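Enquirer: Residue strings, one per chain:
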Amino acid sequence: MDPTNQSPTPSIWPIGFAIGVVCVLVGLILSTTVLIVGAVIAGVCGVLWIRDATRRPAAAPAPEPPEEDDDEDEDAYSRGMFLSAATLGLGGVIGGIVAVPALGFMVAPAFIRQHPKSVDIGPIDGFPVGQYVIATFLRDPSQGEVSRRTAYIRNNGIVNNVPSFTIISNRCAHLGCPVQPNGPVFDDKKKTVTTTPGEVVTIIPTIPAGGFGCPCHGGQYDVEGNHTAGPPVRALDRYEFEIDNGHLVLLGTYSVSHVDGAGASAKIHKYNLHGPGEHVDGPEGWLYPLESPH
Amino acid sequence: MSPKPQARTKQLVQLATYPLDWLEERSGLVGGTKYFLFRKVPRDIGWYHTLGSATLTAFLVQATTGVILAMYYKPDPNSAYESIQNITNHVTMGWLVRGMHRWGASVFIILLFFHMGRVFLFGAYKYPRELNWIIGVLILVTGLAEGFTGYLLPWDQTAYWASVVGININGTAPFIGDYLAQFLRGGAEIGPDTLPRFYSLHMLLIPGALFALIGLHLYLVVRLGVSPNPWTKERDEPEPTGRSGLTRPSARGVTK
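In order, the protein sequence lines correspond to chains A and B.
When we follow the working numbering, the leftmost residue of the first sequence carries the number 242, and every step to the right adds one.
When we follow the working numbering, the leftmost residue of the second sequence carries the number -4, and every step to the right adds one.
It is worth saying that the hints were derived from the structure and are not from the lab.
One or more hints might be untrue.
Simulated coverage check for chain A against chain B, where a stretch passes if three residues somewhere in it have a Cβ under 8 Å from a Cβ of chain B [said to hold, decoys possible]:
{"hint": "1", "segment": "319 to 332"}
{"hint": "2", "segment": "466 to 472"}
{"hint": "3", "segment": "483 to 490"}
{"hint": "4", "segment": "500 to 508"}
Far from chain A, some chain B residues (derived; all Cβ distances over 12 Å) [unchecked claim]:
{"hint": "5", "residue": "L126"}
{"hint": "6", "residue": "A168"}
{"hint": "7", "residue": "I171"}
{"hint": "8", "residue": "R180"}
{"hint": "9", "residue": "G182"}
{"hint": "10", "residue": "P187"}
{"hint": "11", "residue": "W226"}
None of these values were measured; they are calculated from a predicted model.
Virtual Cβ for every residue (Gly too), placed ideally from N, Cα, C.
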């Protein structure tokens, strides 16, 4: 017998089945709708695939009459093939049932949006106009000390009846080390403010006359957070803020390519929050088209 | 009639080796071990051929000391640092075990590079051993990943900021960097989940991969044999045959 006639011709349903499985995996993380659509695709394609595969032995002998003396061997072969295919298939299904939730559990944090909590860091009278202070606070008191963050806050005074603040994150735009003020830090004028239960905000005045510098790899920034020297790829990130009952409340952070001007009249070139070391503009920015949900 | 002395010796030897024979008959392990350990090697190999075994030894030291350290270490942001202090200062010989693990990590990586350099300079990566070179490179990468994930565990300032920088370097990878960094951190920022995550990777996932890769690496070493020196005069001798009975290709690809 010609061996080419025995081997089943390729079926396209496995491809559809694979697409369905991918949709199920993506749907597990992103949305139930995608999950259901994927399950339907996988189910339909799977059934068609099995139909295709099982019809083949009947169809194959059609163009050429089967030889009678081969019948017993052929039967034994089909049963063995069926059993090994069933073992593989069942094993695959069981493996998938175990592996998919486990892997999803492992990679889930990369796909889940985390809404930053707002942090009340005290009455705005506590921030002297035109001077920077170092404010350290717990981003999420329920997480404990590991969520301690630092921001450089300058009260720009009242502009058009609205209080204006410059609030710079201390996370270096190179690789995330904490930037330090290039100037005196008045530790003796340190004060603490207790705003909400479990939240103690420390405020230390400073004069970053030379801007900010990073101790890790020497990145330098001016007082507005613009990158001036060293390896960083953009300006320092900033905090959104709101005034609530006379208290300054920090919200989420955003990335900044650069700042024109200074203080209340500064024009901030604002982008969604990016990781340190990621360009937000220019051709290098094209390398980071996918933004993970921060 | 007492048995002759010769027969008695034979009897004693039989008695002594009985457990081994028992084991061999039921598992073939004795023969397998002999096959693994007493292989034919080229006559003129030297100390530089022991770098691979040295690396393996360093890895086994890491595995052993790591298991013991895991009995005292607490992978939680609030107690990790204290548990390390406890291991170093209070647990009997804790300073020694931690020191072995801490310095042994560097020894492992250094020996990896020496071994790699030896294989490269001797041309031992050439046919038919290309696959073993590739597996070796994977071992190097997983070994470096062990170093990276282990560095965070002491949870002191150096550990914390080095890991911040390391994760952010991963984050600058084009296209997938953000997701990679978030996966490593277990979220958008380093938080309470990051330390247990690194601990799990460091002591379960990556060592498992390393054990599997080392097993493959050794299998290929046994199958393909040790490569002769580049300057060897033995190249015209017939090569030993593999277990399959197929004649192995000449180690240096020299046709006779």
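Enquirer: Please go over all the hints and tell whether each is borne out by the structure.
Expert: Against the structure, the hints:
With 0 residues bearing a CB less than 8 Å from a CB of chain B, the segment 319 to 332 of chain A misses the requirement of three and the coverage assertion fails. Given as covered by chain B, the segment 466 to 472 of chain A fails the check, having 0 residues with a CB less than 8 Å from a CB of that chain where 3 are the minimum. Counting residues of the segment 483 to 490 of chain A whose beta carbon lies closer than 8 Å to any beta carbon of chain B gives 0, which falls short of the minimum of three for the stated coverage. Chain B is given as covering the segment 500 to 508 of chain A, and this is violated because 0 residues of the stretch bring a CB closer than 8 Å to a CB of that chain, at least three being needed.
The claim that B/L126 is not at the interface with chain A holds, since no C-beta of that chain comes within 12 Å of its own (minimum 26 Å). At the 12 Å boundary, the C-beta of B/A168 falls inside the reach of chain A, the nearest C-beta of that chain being 9 Å off. A Cβ of chain A approaches the Cβ of B/I171 within 12 Å, the least distance being about 7 Å, so the stated non-interface status is violated. Annotated as non-interface, B/R180 brings its C-beta within 12 Å of a C-beta of chain A; the closest such distance is 7 Å.
At roughly 5 Å, the least C-beta separation between B/G182 and chain A is not larger than 12 Å, which violates its mark as non-interface. Listed as outside the interface, B/P187 is inconsistent with that label: its C-beta sits roughly 5 Å from the nearest C-beta of chain A, within the 12 Å cut-off. Here B/W226 stays apart from chain A, with its beta-carbon at least about 46 Å from theirs, past the 12 Å limit.
Of the numbered hints given earlier, the model fails hints 1, 2, 3, 4, 6, 7, 8, 9, 10; all others are met.
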